[in-house]
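Model the full structure from these sequences, guided by the hints.
If you read the sequences in order, they're chains A and B.
When the first sequence is numbered by the working numbering, its final residue is 267 and no position is left out of the sequence of numbers.
When the second sequence is numbered by the working numbering, its final residue is 321 and no position is left out of the sequence of numbers.
Quick caveat, the hints were computed from the structure, so don't treat them as lab data.
Treat the numbers as computed from the prediction; the structure is a model and nothing was measured.
Ideal Cβ placement from N, Cα and C applies to all residues, glycine included.
Possibly wrong hints are sitting among the right ones.
Claimed, not checked - Mimicking EDC-like on lysine to aspartate or glutamate, the simulated pairs with C-alpha atoms at most 20 Å apart in a straight line are: (1) 198/A - 80/A; (2) 240/A - 195/B; (3) 250/B - 163/A; (4) 252/B - 299/B; (5) 252/B - 80/A; (6) 61/B - 184/B; (7) 187/B - 181/A; (8) 208/B - 181/A; (9) 240/A - 184/B; (10) 91/B - 181/A.
What the hints assert, rightly or not - Quick list of simulated restraints, FRET-style, between CB atoms: (11) 232/B - 190/A: 27 to 37 Å; (12) 214/A - 120/B: 29 to 39 Å; (13) 21/A - 283/B: 54 to 64 Å; (14) 107/A - 114/B: 31 to 41 Å; (15) 321/B - 69/A: 53 to 63 Å; (16) 285/B - 187/A: 23 to 33 Å; (17) 189/A - 321/B: 37 to 47 Å; (18) 54/A - 74/B: 32 to 42 Å; (19) 225/A - 78/B: 47 to 57 Å.
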Amino acid sequence: MKIVVLVKYSLDVAEIRVDPATRALRMSGVPQRFGDLDKGAVEAAVRLKETTADVLVEVLCFGPPEARGAAKDLLAMGADSATVVEDPYGGSAEAAIAVRVIEAALRKSAPFDLVLCGFASDDGYSYQTGPRLAERLGLPFVSYASQINLDRGALVADRDLEDGIQTVSAPLPVVVSVAEEAFVPRSVTLLQAMKAQKKPTSVLSLADLGLSTEALEGVGGYRLLAETGTVVSRRQRLLKGGDVTELADQFIDALVDEEVLVLNGGA
Amino acid sequence: MARILVWSERPELARELLGEARRLADQSEGEVGLCVSGEMTPSELDSYAAYGAHVLYLTNKAFLDPAEWVGILGLVIAHAEAGLVLIGATKTGMEVAARVAERCEASYAAWAVEIGLDAESGHTTAACMLYAGAGLATYAFSRPLTVLSVAQGTFEARDQAGRAARVESLELGEAIAQLTVIGERPKSAGGPRLEEAKAIVDIGRGVKRLEDLEMIRQLADLLGGQLSCSRPVSSDRDWLPEWLGLSGAKVKPELCVTLGVSGAIQHVVGIRESRVIAAVNNDEEAAIFAQADVGVVADLDEFLPILIERLQARGAGPAWS
Chain A
1 MKIVVLVKYS
11 LDVAEIRVDP
21 ATRALRMSGV
31 PQRFGDLDKG
41 AVEAAVRLKE
51 TTADVLVEVL
61 CFGPPEARGA
71 AKDLLAMGAD
81 SATVVEDPYG
91 GSAEAAIAVR
101 VIEAALRKSA
111 PFDLVLCGFA
121 SDDGYSYQTG
131 PRLAERLGLP
141 FVSYASQINL
151 DRGALVADRD
161 LEDGIQTVSA
171 PLPVVVSVAE
181 EAFVPRSVTL
191 LQAMKAQKKP
201 TSVLSLADLG
211 LSTEALEGVG
221 GYRLLAETGT
231 VVSRRQRLLK
241 GGDVTELADQ
251 FIDALVDEEV
261 LVLNGGA
Chain B
1 MARILVWSER
11 PELARELLGE
21 ARRLADQSEG
31 EVGLCVSGEM
41 TPSELDSYAA
51 YGAHVLYLTN
61 KAFLDPAEWV
71 GILGLVIAHA
81 EAGLVLIGAT
91 KTGMEVAARV
101 AERCEASYAA
111 WAVEIGLDAE
121 SGHTTAACML
131 YAGAGLATYA
141 FSRPLTVLSV
151 AQGTFEARDQ
161 AGRAARVESL
171 ELGEAIAQLT
181 VIGERPKSAG
191 GPRLEEAKAI
201 VDIGRGVKRL
211 EDLEMIRQLA
221 DLLGGQLSCS
231 RPVSSDRDWL
241 PEWLGLSGAK
251 VKPELCVTLG
261 VSGAIQHVVG
271 IRESRVIAAV
281 NNDEEAAIFA
291 QADVGVVADL
301 DEFLPILIER
311 LQARGAGPAW
321 S
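Following this line, the structure appears as C-alpha cells:
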C-alpha cells in the first residue's frame, strides 16, 4: 500500500518581526523548515509502515527548491521517497491554488491508499489543505487524528476534538489530518541520516503536472489589500534581581498601579 | 441586499456571529439566517431571534459527521442565496468552513477579526489573522460567495427583546456521512468558561510538577481568577481540559498572570486581548516579557510561595469585587 504525506516547508513564525514604526512585517531572513506538524504526519506514516506489511511512504511538498535537501531529514525518519513541486508563487499562493497543485501531484502519483497531513501548517495555520483536498478528490476525511490503525482495508482512527475523543472508521483511500503533538517525530541516527542520502528525491514543475500559473489565475478568491504586523503596546516593566520578598512586593505594587489589585490591610 | 448565513455547533459562538452578522445586515436591510439542528425548544428558537437571526434553518437531525454539515450548509447556502457565511472556528467549524468553500467555489479566509460589507456592491472585505497571529491581512473577496471562519470571543453577542424570526424546516435526504463512529469518550469536564473569567492564571511548560497546581490555584483564588494553560500543558500532560491560544480559547480578562509561559505566538494570541498581562518566567530572554505589562524574572519555586504569602499579608484582592 502507498501512503503519501503532505509536508510544508514553513516559515518559522516565531522569527517574524514587526517594524514598530510602519507596522510592516519583516519577512526577510525568517528561516524556513519542515514544521513540527508536518513531521508529525511523517511520524504517523512511518509508524504504520513499521506495523503493516508492504507500505511505501512518499513525501510530497509544494515549496521552494531548498525543500528537496531538507526532505532528507524526513527520509531519515523512514519515508521512502520525496517529491518537491516547485512553487512559482514564493509561498504566497492561496490555499485554493496550492490544493489544486497538490491534487494534480497526487493524481500523478495514484493509486494511493492514504494521504496524511498535519491539521494545519506551522505558518499559515488556516487548517485548509486536508479538508479541501478531500473535497476535491471526493474522498472521506478524518480530521485531528491522534491514533491511526489499519484494519482489513479500512482506517480506524481516534479524532481529538474539543470535548472528547471520537473513534471512527473510514474506507480506504482516505485523507487524514493528524492532531497536534499526537505523533512526536522520532530523532534520527547518523546511520539513518546516511542511508537517507541514497533515497530518491525529485523535483517537478507545474508544467510537469499539466498546470501553469495562467491556468490557475482564476482559482483564487481574494486580493490582498494590506498586511500589517501585530504591534504590542505593553508597558514591559521588568522586575528582577534582589530579594524575593521585595520582588513579590514590587510585583503586587505594579498590579495595584494597573488597577487590577487592591490592598485592604496589612503593610 | 446582504444575505448572511451563520453556523456554529457551539450556541454561544453562534450568538456572537449573529451579533456581527446582524450589524452587517442592518446596514443594507439585509437578512441573517442561522443554521441549527436537532431538537430545539420554542424558547431556544426565540433566543436566536433575539440575538439577531431573521430566519432559522432548522434541520431535523443532530449531526456528528462534518461531511453532513458540509452537505447541509451547501444546501442552505443555495436555498438562502447567501453571499456571506460566518462559521465558528472550532475544530469542526474549521474543517467544515474549508470544505464548504471548496464545494461551493467560495472565497475563503480563516480567522477573521474585522468584516466589512459594501451595502451597494455586496463586496466583502475582512481583516484576518496571518502567520498564526503574528500579523493581520486585509482581503477583498472576489467570488459571489465568501466564507469566513471566526474564533470565539472576536465579536459580541447582542440580544434585543422583541425580535422575531421565521423558521424554515429542512427535510434531509439520504445520509451523507462518510465516517462510521465506533465510539466516543468525553474529556474531563472543564470548570466555568474561561471566557467569562475576570482574571486568569495561565500555566506554561515552565511549571514542572502537577503538585504545584494546588499552590497556583491558591494564587488564582487570591487574584479572583481561574486557571488556564498553554496547549502542551493541556494536551500532553492533561492537567487542565481547556487551553488558551490560536487552536484553543481566546480570553479578554482584566488580568492575565502567566507562569512559566515562553510566549510563543500561537499561545499569546489567546491572551493578548487581556487588559493587563503580568508574566513570571525564569528566563529573562523569554518572548513573553515583550508581551507583558509587568514581568518578573524569577524562579517559580522560590517566587510563588512568597508571592502568595505577601498577597495574604497585605490583604490583596481583585480590584473589581
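Now the hints, each set against the structure:
For a cut-off of 20 Å, the pair hint linking residue 198/A to residue 80/A stands: about 10 Å separates their Cα positions. About 31 Å separates the Cα atoms of residue 240/A and residue 195/B, which puts this hinted pair outside 20 Å; it is violated. Our distance criterion of 20 Å between C-alpha atoms is met by residue 250/B and residue 163/A, whose separation comes to about 16 Å. A threshold of 20 Å between alpha carbons decides the hint, and for residue 252/B with residue 299/B the separation of about 27 Å lies outside it, so the pair is violated.
Restraint check for residue 252/B and residue 80/A: the C-alpha separation of about 47 Å exceeds 20 Å, so the hint is violated. About 18 Å separates the Cα atoms of residue 61/B and residue 184/B, which keeps this hinted pair within 20 Å; it holds. For the hint linking residue 187/B to residue 181/A, the alpha-carbon distance of about 17 Å falls within 20 Å, and the restraint holds. Taking the CA atoms of residue 208/B and residue 181/A, the gap is near 18 Å; set against the 20 Å cutoff, the hint holds.
Note on residue 240/A and residue 184/B: the hinted pairing is violated, with a Cα-Cα distance of about 48 Å set against a maximum of 20 Å. A hinted pair counts as satisfied when its Cα atoms are at most 20 Å apart, and residue 91/B with residue 181/A qualifies at roughly 15 Å. Under the hint 27 to 37 Å, the C-beta atoms of residue 232/B and residue 190/A, about 29 Å apart, fit the expected range. For the hinted restraint 29 to 39 Å between residue 214/A and residue 120/B, the CB-CB distance of approximately 32 Å keeps it satisfied.
Separated by about 28 Å at the C-beta atoms, residue 21/A and residue 283/B break the suggested range of 54 to 64 Å. The supplied range of 31 to 41 Å is met by residue 107/A and residue 114/B, whose beta-carbon atoms lie about 38 Å from each other. The hinted window of 53 to 63 Å between residue 321/B and residue 69/A holds, with their beta carbons roughly 59 Å apart. Checked against the hint of 23 to 33 Å, the C-beta distance between residue 285/B and residue 187/A comes to roughly 25 Å, which is consistent with it.
For the pair residue 189/A and residue 321/B, the supplied restraint of 37 to 47 Å is violated, since their beta-carbon distance comes to about 58 Å. Against the hinted window of 32 to 42 Å, the Cβ-Cβ separation of residue 54/A and residue 74/B comes to about 38 Å, which satisfies the hint. For residue 225/A and residue 78/B, the Cβ-Cβ distance of about 29 Å falls outside the hinted range of 47 to 57 Å, so the restraint is violated.
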